[in-house]
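As given, the protein sequences belong to chains V and W, one line each in that order.
Quick note on my numbering: the first sequence kicks off at 13 and runs consecutively.
Quick note on my numbering: the second sequence kicks off at 24 and runs consecutively.
Treat the hints as calculated values from the structure; they're not laboratory data.
None of the values given here were measured: they were computed from a predicted structure.
All C-beta atoms, glycine included, are put in the ideal place defined by N, C-alpha and C.
Honestly, I wouldn't trust all of these hints.
Restraint-style ranges between C-beta atoms, simulated for each label pair [unchecked claim]:
1) 380(V) - 342(W): 32 to 42 Å
2) 370(V) - 289(W): 51 to 61 Å
3) 380(V) - 131(W): 30 to 40 Å
4) 280(V) - 61(W): 18 to 28 Å
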Amino acid sequence: MADLKTEFLGISSPNPFWLASAPPTDKAYNVNRAFEAGWGGAVWKTLGEDPHIVNVSGPRYGALHSNERRVIGFNNIELITDRPLKTNLDEMRQIKKDWPDRALVASVMLPMNEAAWAKYLPMIEDTGIDGFELNFGCPHGMSERGMGAAVGQVPEYIQMATEWAKQAASVPVIVKLTPNVTSILPPAKAALDGGADAVSLINTINSIMRVDYDSLTMYPTTDGMGTHGGYCGEAVKPIALNMVAEIARHEETATLPISGIGGITDWRDAVDFLALGASNVQVCTAAMVYGFKIIDDLVDGLDSFLDDKKLSLAELVGKAVPSVTDWQYLNLNYVEKAIIDQDLCIKCGRCHIVCEDTSHQAITHTVNGERRFEVIDEECVGCNLCVSVCPVEGCITMQQLTKGTDPRTGQPVSQEKANWTTHPNNPMRKTD
Amino acid sequence: MSANAQQPDVRGHRLDEEEIARNFGDLHPPLSRSEALIAADRCYFCYDAPCTTACPTGIDIPGFIQKIRSDNLRGSAQTILSENIMGGMCARVCPTEVLCEEACVRNTHEEKPVEIGLLQRYATDPVFADGTGLFTRAPSSGKKVAVVGGGPAGLSCAHRLAVLGHDVVVFNRDAKPGGLNEYGIAAYKTIDDFARKEVEYIVSIGGIELRNNQALGKEISLQQLRDEYDAVFVGIGLGSTNALGLYDETLPGVDSAIDYIAELRQAANLADLQVGRRVVVIGGGMTAIDIAVQSKRLGAEVVDIVYRRGPEQMGASQYEQDLAQTNGVTIHHWAMPVELLGDRHVTTVRFRRTELDETGKLKTCDDEFELDADTVFKAIGQALDAALLDGEGLDIEAGRIVVSDACKTSLDDVWAGGDCVLGGDDLTVTAVQHGKLAAIDIDRYLGEG
């Protein structure tokens, strides 16, 4: 059994799975159920100033479904907590008392004036929480009032508010970043410069789910009108992973601990985030789609994976970061060709038609009069499209050409690495 | 007790009407929307799809399934019906397990094909329920075509000809159109008068005049039609039931399965039908299965099918054989009838076991057994009533009309298709394809004229 006990900024939890600040952590009732189910920690639903905000009394959520109605993507327009601050603080105090081994972090969203931070943070910290998470991420509603993503999109504001928070708090401060930016690096750097102990990402992405095909209005609406929400769930994971890896691999931000968020549904998703540099992970949508029980698979699966790989959790963190680089450093002398395992092939022909229509005409449909799909090495550029569309896992694989000549280019396969920075076609190439 | 002394036990109302209604409900209930979406999602959208190749009418199956996935049912139905105007009936009666679903690539690793038949029904049901018009006629050609036979081949031909702008008169032998769809298919495969609804839909395109009770050789002759029309299509199916070649097949209780099924399909009240307590069916095709299962569902106590060869040689698919067996029908292989016993009514059939000799030919053994029977159904196939076509100048071979790949006969202005032609395979879907191919070729011919 691998040890999943996690210390994140000195905050300990029995496993690296926290519930993200969101509806599942809105009140003691939910958080109790989560901790009973086995969640390692919870970031309480974002607290704000009193008097509390209000929510719409209509649809807050919308989903992108697969045909079997699996929720692939999820959208929300819910704001921060709509309960009195005191109610929340009383419940948080009780939860921390009842569950001392679990991480309890308070998410906060306050206006851009120092006095507010100085006033509220000590009051909240007094409940016994283990840390703060500054919500600079929510892209809807609160951002119209100059908070949430409105702060997260301006590095100067991030740094300023982080500094105020660090002044007012004695527990660790995590800055939660919005993905609605061109590059995640300036916001992360601003958090670091402001004294943040860590960043968490991603918050949700600006989104409209679809149109109602009867009314031809956007969907869902509140009394016929709608507004963009924040997109999350499985569909956003690749976007989140890139941003996590960007922070983890760049020198100026590499020291920032990361709490990874974005579409984590099963343990493999968690491995993605951890290997790309996150030290723990936060989950919301999967719990909102399936309930808290999914923690069983997250914990078991990660545990077995670490055992199989003979890795500790700490060793997994950042393991894949060195494999992430810029395009210009990819080895242009490396050659792969697709290979189709004829024993596994079910002859659906998908690889052929996508290669034929949209790629490099490198897969047959007929060989000696028989329906048969084979890679034509003379045409195959190794693009991985056929692997991606093949419905049978493992049927098409990519194999490196290690010697001889690439039948496509007629060039001998070179063992030397060579990338764009020195390529003769690059007008900006480095010359010695 | 001697066999002759037994009283035959043949009567109606063996089961109460409620039970019979249950027994003759939909064999495969239609898919709900959520079931259909899940089933459709299993389709891999194959290139040059094997299911399409396996479909005698060449329906673009991945294409219509993809449209189900996007709730584009009207488009899906159009994809189906433009290749097979009887796609609704075929969705119910096609032996998909040996056609499209057998070819499905899902079988390779899962042995569970996409439920193409049920999906096809899901896509087409709304069209027949609402009479959605999916086809428009080309401008009138001024040509008139006679179609002999109101079954799948004839109606398919008539519809395509109407689409192409020709006027059609369908001469139908029976009181109702539809042929075997109306009179032959097992009742639980086509409930709620679907055959009639389908014919109404086909005719609703316009330009098709339907004349019932017009039998070839009686009210009409081929020569007369050739004189009066620009082209003729013959889709008369098969007529008489093949005989067992035994003495005495006229014995009461020895019936033609085809005739009994026709009676069943037209019965106002199924419970009134006369059913033997012990039923023996002789034959190995779909009709044998259909009569056996329906007898059982009408309340027959013991139903035996006896077939002279093995399970692999049966015309009925494995699925159909399983259906019979799960309905409590016993299938005996490798035996053929040698004597019908009974005085005023059949009481017993004596069988002799069969085997293959060294050359692979069927021969009988000395070993015999008997099965008691109140009813014996002959289901060993039908023959073309060639006398109807005597002197008309059509080439006939092996008791069937000879046609080209385009379903043209030896006569320049006559086409034929369905069960009556050489190479027909007794399937609705094949008959539909013949009718379609013939219509396309007739259109070419009329265009040249």
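Beta-carbon spacing of residue 370(V) to residue 289(W) - inside the hinted bounds 51 to 61 Å or not: With Cβ atoms ~55 Å apart, the hint holds.
Status of the given 18 to 28 Å range, CB of residue 61(W) versus CB of residue 280(V): 24 Å, holds
Distance restraint hint 32 to 42 Å, applied to the beta-carbon atoms of residue 380(V) and residue 342(W): 33 Å, holds
Outcome of range test on Cβ distance (residue 380(V), residue 131(W); 30 to 40 Å): 20 Å, violated
Comparing the model with each earlier hint shows a violation of hint 3 alone; every other hint is respected.
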